[in-house]
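Protein chains in written order, with my numbering: chain A, 239 to 528; chain B, 4 to 168.
Heads up, a few of these hints could be off.
Dumping the calculated DSBU-like pairs for lysine-lysine here, alpha-carbon to alpha-carbon at most 30 Å [as the list claims (entries may be wrong)]:
(1) K445/A to K493/A
(2) K71/B to K397/A
(3) K278/A to K71/B
Cβ-to-Cβ under 10 Å is the rule here; a few derived chain A residues that face chain B [as the list claims (entries may be wrong)]:
(4) V249
(5) N250
(6) G270
(7) S314
(8) R322
(9) I324
(10) K327
(11) G339
(12) S340
(13) V341
(14) I343
(15) Q344
Source of the hints: derived by calculation from the structure; they are not laboratory data.
The C-beta atom is built at its ideal place from N, Cα and C for all residues, glycine as well.
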Amino acid sequence: MTDRIDIISPVNLAQLDHILEKLRKPATYVAGATDIMVQKSRWEQAGTLIDLRTVQELVSTLEIGPEGILIGAALSFTDIIRYRIIQEKFPILVESCRQIGSVQIQNRATLGGNIANASPAGDTLPVLAVLNAELWIGPRLKDNFTKMSVDEIMTGPGKNCLQPNQYIAYIYLPFPEPTDPFWYFRKVGQRYSMAISKLSLAVLGWKHNNHIREIRICAGSVSPRIKRAVLTEKLLSNQELNSKVIEKAATQLMKEIKPITDIRSTHNYRKSTAGRLLQESLSTWARAGK
Amino acid sequence: MKIQFTVNGQNVLLDVNPKRRLLDILRDELQLIGTKEGCGKGECGACTVFMDGRRVNSCLVPALQLPKSKIWTIEGVEALPIFQEIAEIFVNQGAVQCGFCFPGVVMSALAYLQEEHNYSTKDRIAHGMAGNICRCTGYTKILEVVQVLETHKKLRIGIEEIFKR
Chain A
239 MTDRIDIISP VNLAQLDHIL EKLRKPATYV AGATDIMVQK SRWEQAGTLI
289 DLRTVQELVS TLEIGPEGIL IGAALSFTDI IRYRIIQEKF PILVESCRQI
339 GSVQIQNRAT LGGNIANASP AGDTLPVLAV LNAELWIGPR LKDNFTKMSV
389 DEIMTGPGKN CLQPNQYIAY IYLPFPEPTD PFWYFRKVGQ RYSMAISKLS
439 LAVLGWKHNN HIREIRICAG SVSPRIKRAV LTEKLLSNQE LNSKVIEKAA
489 TQLMKEIKPI TDIRSTHNYR KSTAGRLLQE SLSTWARAGK
Chain B
4 MKIQFTVNGQ NVLLDVNPKR RLLDILRDEL QLIGTKEGCG KGECGACTVF
54 MDGRRVNSCL VPALQLPKSK IWTIEGVEAL PIFQEIAEIF VNQGAVQCGF
104 CFPGVVMSAL AYLQEEHNYS TKDRIAHGMA GNICRCTGYT KILEVVQVLE
154 THKKLRIGIE EIFKR
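Chain B with its partners taken away, still in its complex shape (with noise of 0.2 Å):
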């Protein structure tokens, strides 16, 4: 089957099996393994993606559902300018171990501070990253970055860019 959609902005046209993952695509036709996979089943959240400016788990996305689709992956997050800060303040916080999880949860924190608009509790936030596990850190370090996101206006109208394009 031949798709065509756009992959951090740049068009992609593939001859691939209908069936085919998108996390398979992404790591094996386009090189792009930042996109990790954890589990295959939608539960770790290691290989979220957004697709058409929502998050999603591209272990679920068959490639039959993306012709004209738009694919931000880490690496496209990476070369933004605005990336630097926000791997910055994961470091600080002491949120990244060994790494494995890191760019599903950077992609779905990126993605928790477009859908809320607001300052939000622990628990929020909480409910908002359940669908990325981390073996290696424990979980606050985590909630605490989003917390510090949250304050940086600037990093959100980065970040808003992303989505709208």
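One chain only, chain A, in its complex shape (with noise of 0.2 Å):
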């Protein structure tokens, strides 16, 4: 005998927050499925499912302003590698976004659902941290969405801090500027595809007169929830690139993450390849500069 389930799925965000309003039991949404359908127990015991797939705004919206873009969360991985202004504004995010699962699963899963499941090692977390990426949340209370960071969302693995009413609506990506800045993104896995990633490292920079302006470092499944290495980047920031910086640099970031031993990897190897990782791309960026 199975419960009964209830369905609901609403067509735009009127209508999903005005559902929500109403709601007095705890939902549960659905927006690519990849995650939550292999969560055995929450999918089997979810009594009501939201199918925010459903919400117009949330599949197709995509509005370009001057001075950034938003993102409809529950836009597929494949529509976001496919539109051509975030290819050519953040090349990085569509590189962790060929590396996810697979095509099949990037058919599927949403950049929504990589957030809202806070896993350490969802692999756009770190990339959307050095994008400064803004997290609009539903439902709107006076017209407005609550407004928050990669790092705000995120309080342990596995765990967000939505209340049961509350979805990611939008992801709010301003725009780099200068418009060319250095990036880098590396996933460290069993195999290229398909495998969750025993660490990751994303870096965005801009130098000036040789000196690094500003640089942004984020490594993913390194600690509990996804944050920036701000001493790291604090000790780069003005440093012209050499070696010896570099090496600095390297082992701050060793000093700065605090990753932990589990099936996919140890503490010492998480820690010493991140400090590898960032050498590898600081040292590319210097090449890239002369």
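Assembling the complex is the task here: the two chains are given apart, and the hints tell you how they should meet.
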């Protein structure tokens, strides 16, 4: 005997917000379903399912303003990869989306889902952190979304700070300035595709007169929450890239991250590899400047 | 939950549990058993089908998201005139052994041809085919098949047709 399952498929945001206002029972959101359907007990217990893929704005909206773009949270990775403006302005995001699962997964899984699942190994999370992504959370209160950053929404592995009636509506990405920054994203896993990462590193930086004007660094799978390596960033800012500085930065990053040992990798491996990835990225950048 | 969608161009109307997997609906309700279950977690690709013109793992599509969708399975592809040619290429390259992963591999290979419009490197094909696991042949032959398929213009056009329907 199965219990009654309620399916809610709102057609637009207004309807979704209206339903959530009245809903008096816990609901489970479904977008690409690629994670929730393998979390067997959560999936089986869910009594009310809200399909975000039927919400028109969340799957089709991609508003482009002068300052940045607004990505519907239920757009698939494939949709994101294929958007020309994203390819032009955010190649680092395209690269991380391409490395998620397989094409079959990319065709279904969503950016909003990657964030809401709050896995420290979520591949887009370090990238969103270095892009200064802003998450727009519904339902709207007096017509306004609640705004938060990637490190604010995630409270621990698999945990986010959203209330039962809250959902991720959009991901706002400001255009990086100037238009031509240095970027680096690398994921280390058992194999190139279909592997949950052991760790990943995203770097975004700008130089001015051979010195680092600004740098943003975020490692994935190395702590319970996604956090930028602010001390390493500070150490590097205004520096000229040479082997000594690069070495120092790698040492600082290894101090700054607190990886754990689990089924996929060990504390030591993650730590030393994160340092090496940073070395690799900064050396590449140093060479590119010449 | 009553759902209406199409499978291989045919209308389907079913009353199902909204959490039912597309994979189970295809195999148990519609007796389309060409689509296989391998891992049931979206890792092995044996259950690959096309949904609205894109390849997906049918083990990870819940019935509640099926309304109005267009599904193509290996049986639909098999009924196309170009299938014979595709099958021969797989056989001639020795890319099929036990055959369990084969329906998923064929679906993925055809989707790959539609996704990539140019001839691609082996690395790129390997990346594109990474969602399909085969435990028999090793992957070299499967990658070679995709390279051969890419050179057949007529096939590509035939495949485009499926994705339009």
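Hint-by-hint comparison with the structure:
1. K445/A to K493/A: OK: K445/A and K493/A at ~25 Å, within 30 Å.
2. K71/B to K397/A: Outside the cut-off at roughly 33 Å; violated.
3. K278/A to K71/B: holds, 26 Å
4. V249: Because about 12 Å separates V249/A from the closest Cβ in chain B, which is outside the 10 Å limit, the hint is violated.
5. N250: Violated, about 16 Å.
6. G270: holds, 8 Å
7. S314: holds, 8 Å
8. R322: violated, 15 Å
9. I324: Violated, because the Cβ-Cβ distance from I324/A to chain B comes to roughly 17 Å (cut-off 10 Å).
10. K327: violated, 22 Å
11. G339: At 7 Å from the nearest chain B Cβ, G339/A passes the 10 Å test, so the hint holds.
12. S340: Given a least distance of 2 Å, the restraint on S340/A holds.
13. V341: holds, 6 Å
14. I343: For I343/A, the interface hint holds, since the closest Cβ of chain B sits about 6 Å away, which is under 10 Å.
15. Q344: Cβ of Q344/A sits 9 Å from chain B, so the hint holds.
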